[in-house]
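S.K.: Sequence:
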Amino acid sequence: MSTIKPINTYQSLKIHSPLAESSELYLRQLKALLDKSTEETTRTIAFRFDLRFPVGYKGDDTKVITKFFESLKAIIKAKENKTLRQGGRVYPNRLKYAWVRENGGAEKDHFHVVIILNKDAFYALGNFKSTKANLAKRIKKAWCSALLCKTDNSGGLVHYAKKGVYILDKNSLSFNSIYGDLYYRISYFAKKRTKVYGTGVRSFGCSR
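Heads up: the sequence shown begins at 1 in the UniProt record's numbering, then just goes up one per residue.
Wrong hints could be hidden among the right ones.
The following label-pair restraints were derived from C-beta to C-beta distances [what the hints assert, rightly or not]: (1) 193 - 90: 36 to 46 Å; (2) 58 - 90: 35 to 45 Å; (3) 85 - 18: 45 to 55 Å; (4) 174 - 92: 20 to 30 Å.
In case anyone wonders, no lab produced these hints; they're calculated from the structure. Note that this is a predicted model, so its numbers are computed, not measured. Even glycine gets a Cβ: it sits at the ideal position worked out from N, Cα and C.
Modelling step: build the complete structure from the supplied sequences, incorporating the hints.
M.R.: Right under this line is the structure:
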């Protein structure tokens, strides 16, 4: 007896989990996110990281991810304003993102996040140990702001994924390949099994 092989693609793109185990709505929204991002700028950069709650966190976590993105947008805007005041050039740049809230049996939920920016505005996360302002520090600052915790006590709250930086250059021969790699990576966000359901808390979000 022949067995039916699971479908592991969506619109001809490889996906992390079989289509039957994924949300097609989320897959569609994630693809629209990448398409819109790469349409707006010639060179796009994406960063994958995780956001975690402090041990014993007792705050209201229902809106914490929204507060994180609001804070990150404000921090990026402040950086741009400072650059302008100093006579520097500011490139068009609109923060885009997707996130998923999961609980894989851990004590506390956590978030998988991807943010997408103009490569001409941000080209790297920066040195994690540096005292200078960089994107990695701005992300940590935004998460601490959302949690109402001190940055000094933020060790382990932001985890940057291994090989989690993707550069999409529409003029590069590798564009389609890297696009496919990034889509495969974030298609994990559409996996149904580890989502947080039935709690009144959103489990997925995607900028438009």
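S.K.: Honestly, which of those hints from before does the structure not fit?
M.R.: Failing hints: none at all.
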